[in-house]
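Heads up: the protein sequence lines correspond to chains A and B, in order. For the first sequence, position 130 (counting from the first letter as 1) is numbered 130 according to this note's numbering, and the numbering increases by one without interruption. Take any residue in the second sequence, note its place counting from 1, add 1000, and you have its number in this note's numbering.
Don't read these hints as lab results, they were simulated from the structure. Every residue gets a Cβ at the ideal spot worked out from N, C-alpha and C, and that includes glycine.
So, partial list: chain A residues that the calculated Cβ filter (under 10 angstroms) puts toward chain B: (1) PRO4; (2) CYS13; (3) GLN105; (4) ASP255; (5) LYS719; (6) ASP725; (7) THR787; (8) SER788; (9) HIS796.
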Amino acid sequence: MSLPHDYAHTHVCGESEFVDDRPLMRNELFADVFYSTQAHALIKTMDFTEVLKMPKVVAVYTGKDFHNNMWGTIFRDQPILAIDKVQYAGEGIAVIIAETLEAAQRAKSKVIIEYTDLEPILSISAARKAKSFIIDARKIERGDVDGVMKSAPHTLEGEIVMQGHDHFYLESQVSIAYPLEDGQIEIHSSSQHPTETQHVVAHALGIADKDVICQVKRMGGGFGGKESQAAPFAAMAALAAHKLKRPVRICLTKDDDMIMTGKRNPFENEYKVGFDSEGRILAMDVKLFSDSGAYADLSTSIMERAMLHSDNSYFVANMRVVGQVCKTNYHSHTAFRGFGGPKGVATIEKIIEEMAHFLKKDPVELRKINLYSDTNDRNTTHYGQVVQNNCLEKLVTGLEKNCHYKKRRQEIELYNKDNNEFVRGLSLTTVKFGISFTTRFLNQANALVVVHNDGTLQIATGATEMGQGVNARISEMVTKEFGLPRSAARVMPTRTDKNANTSPTAASSGTDLNGGAALLATRKIKKRLSELALKLLDIHKEKWASKTAGLGTQPEVHLDSANLDENDPNLGAEWKSGLATYFEIQFEDGWVFHPKHLDKKIEFKYLVLEAYLNRVSLSDYAFYKIPGIEFNKLTGQGNAFLYFTQGAACSEVSLNRDTGEVKVLRTDILMDLGRCVNEDLDIGQISGAFVQGLGWVTTENLFYNEQGYLLSHAPSTYKIPNVQDTPREFNIELLENDENYSNVRGTKAVGEPPLLLAVSAWTAINNALTYLPRYKAQYPEIRIPATSENVLRAIHPDKFKAWESP
Amino acid sequence: MRNKIVFYLNGKRREEGPEKASMMLAEYLRYDQALTGTKIVCAEGDCGACSVLRYFPHIKQGIDTDNYLPINSCITLVAQLDGSSLVTVDALKKNNELHESQRAMVECHGSQCGFCTPGFVVALTGLVEEKIAKQEKNLSAQDAKNCMTGNLCRCTGYQPIINAALSIDIEKCESIKERFFTEHQHLELKKAFLQSVALESPEFSFFAPKTMKDALDFLKANPETKIVASGTDLGVVHNKRKIQLTKLLSLHLVEDLYEIKKSGNEISLGARVTITEFRHFIKAMVPEFATYIDVFASPQIKNIATIVGNIANASPIGDTPPAFLALNANVEVASLNGEREIPLNQFFLAYRTINIHPGEIITRLKFDLPRKQSILRFIKVSNRKDLDISAVNLAINLEWKDQAKKQIGEIIIAAGGVAATPLRFLRTEEFLKKNPLTIANLDLAIKELHSEFNPISDVRASSSYRHVVIENHFRRFLCEVGGLE
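Modelling step: build the complete structure from the supplied sequences, incorporating the hints.
See below:
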């Protein structure tokens, strides 16, 4: 059994400290944000007189109070607080500071504001019509798409609409800003990107980066929603703390968080596909349109990942993907587990289902003949990267067999013939998820490893812990290298004064990057300790420094070990164990020894003490960058990823014909995660990501009013999956794969990829609909999410029409 | 008369006056008592992160409820804890040893980010308590899922938490009740329960009399007072609309109101009977009702919310009103002039407006058990099956006059989510009573049915969806009972 999460034992007692659990300082203040109710408007007048008269209210700040009011991760296009003009309902306008949270919240209703409404853009189609775009469309193209499409035996055209998806992290956006001496600020934030939070705060206040520390101990969930969007709230708290010289806490209510912050980008994709009678895709032409909301945020990168995943696991010789990010008047959409990936993958998985329906073949057969293979003519993606360590065929055939796909397909056909109350569907989909940030410079990390005098360790990296267990994995890698139990190490809160210039914990890369850096730092110490252990073999124990250093009677042990300057965390390590050995010295079970001198074992903590007394450094810092990544965003060509995490899932669903309610009866997942650092944590990521994705494709419905103001802004109206909504039977297995040589310890990242497997539930819903007489010839049209209402509408379009025609 | 409420928190006595009694329990725990294990997420009783265990030892409705039960602390006023014993997640560990439910969560990876975890641990511990009380050693996956229906997790996909529940060894568990609920505590709470409570400050007043007479006198003198039952709705209003609850009258010390009476065929539910208690009571007699209640809110809500509260709230999407309409229930109200009964179908006047006069207090809900020949169907349709508010709900109660001739004798059709109030379909009922149930008449009945309601479109469903779903369920029911194809 794998070790549990490193803080599970305090989580279950409620002892784990989250930002809002921090004890209140004696003079601490609370902030609440006043935001727009209008999608697009000029602010005509604004009056805070009544607010300031409210009891316990201390101050009100607007965007004008910032030294620099603009922020943005890729483009600095977004005001922290809107000044003259609001561009979405939920956009922050003022921050109210009071002695209690309640006082700040109550005072909000006293703001007097007048707007002059402007025409809002509240759909992708409206944005396209108005040519309201963030940047020019980008394109990735290979082969002769138009020519082959023309000559293809069959073609299909269609579109797929995917709505947004709220992160619904349990802990809302929260920050506390503590003013320190000499104009410094210390921020405690629930942020996936402490470095960006630090930089945004410094820039906003017009102070230097050296004067801002951001600490992230842990988050109560992130999922991408705290990658960029934690920063502006930290800046609001920091502004007040800086001005008032008092600590300021900002902790959004779930409702305000959902109204103000961005979601997974909605997409509306158009496609045309040409294929032969076997079901082999010959050409594919896809146009992706995403809704960025009011500002750029990460939407251009998200679109890029969608374009890079429009092939998913399938080789398409002639392929064109065009991506256009549309600017609308919704909250600014942002990263969410999978980034653009799910929107590319859902599109091609739907295309394959539709092709199979057209050809009256089983979709799994079509998937199999379209998979990337290892032959040279079918192993390169549309952006020119060779798919290495390809496990796709093994995954699909393995899963098909394990889950008894063929037998169940027959059973479903029979069931659907006899049942007029429910209709069932079955679908098997795949994922091939590229691991690395597509923006090259983000693929870097640094780590600090400290060995204390008693032989215990502290590790500090730029990784942030949000439940995924990145710290557990890193400490397992490091302690294993030293032959110690994991309990010998503690991963410290992430702080920008220890690890600067870090990347967000995102793109599933947390363990790859930070684990790589931590391991490199560990190796430097290990090499020194190994050399020392070797030398100690020749010195009588009575002459060791621990016996003599006080008096200085013996010469110091001098080490030749140069620092390891290599960038490869697998270098020098034996592949099977993943461990590096220097001078043949072994580290095992708390002991250090030379295999030829087993009688001279040294206890690790004793060796550490010896090292200290011989003035050998016991701390080290290392830097790691992912090698071999070259992707040109303008040509759309290059090696975008270090490797691919792959998997397949098969879901069976049952639709209630009276209500459209969907029940997932069974899901089987088979994934390739290389060699897991901690298998149970990885499996927890798979079940969690899958069920989160299941919410996206079924019940999670973002419902806005005519001003683009979110009405489903709490769990009473926004329905994430409940314990009863998990697949009734849920099997997760891992494929054995010991050959992912490119990544640290042969592991593969797991955070995002399984979310994309939830597409199988959505295609299964489509598949169920195809059993209805209405869809014998025509393929059903249903959006993501397939809510009860959307499903029922697909089952009984005529009944709905009766109530909707004027 | 007491001027403080009394309760026990993790074994320690607490007495609070108006200032702290007016706080929401979750806020009191976190910010006043520094017990930050309890988390606040939704502040509306929909996620369970704020769950705590509460025991109200004065009323014995049976083994299922005579124990510590999970409730949502985010929508419970501290004042409402008067007479209760409370245990929070912070106190479950004993001598540095994890409680079995905590151990299970750790070892089975049931906790990832840790924010929902305390709530799940509390829910699981509640299940363990129930098992211990009933001397049941086994815990099924369905038990586990049912006890966690009121808790949301965004990290794990629940499977590891279900595994954790299944790994719990009930025999290894020490009862929370035995550990925390000492004889001394019991005596002290009993003593407190004998005295009425009056908290008074300019910001907050809370009056809890011992008798209905005192309650009615107080209401007459203070007509602007709100009567709080479990406050699961008032608490949400307080949290979301920032409306401070200022003047409250609570009937939690009036013992009669906890009574569930069965005399002959008539069932009478006191105003303080919780939904959980009612479910246990009705399960054997009207199993359809018990099953229907299973998809009502969450265990945490049902453990404190009352049946009468659900009726008095008069929400058009409340779950029990259509069911009680189908059972021909009556509402009993008391005033200084005496008591009167109002048929439930005359009780809902307009949106959230009920048919009672100033100075009246609802004391009971009464209904006759359905006869043997009654065919019942209770249906709730929501975007998510469990812990969701209805898009629509439908209750039908049918009795044949002559089944062979397809003559319906009695039929009541009631629905929620279709109008400003819970609705009876009187014309459709009349039509079906007058005409034999044939395919052709069913189509006519459906036409009639649609003509009786004109639902709104909102965040939960469109108007068309409501029409189509009601029609589909109505048709299926009548086809089934009538043997129509």
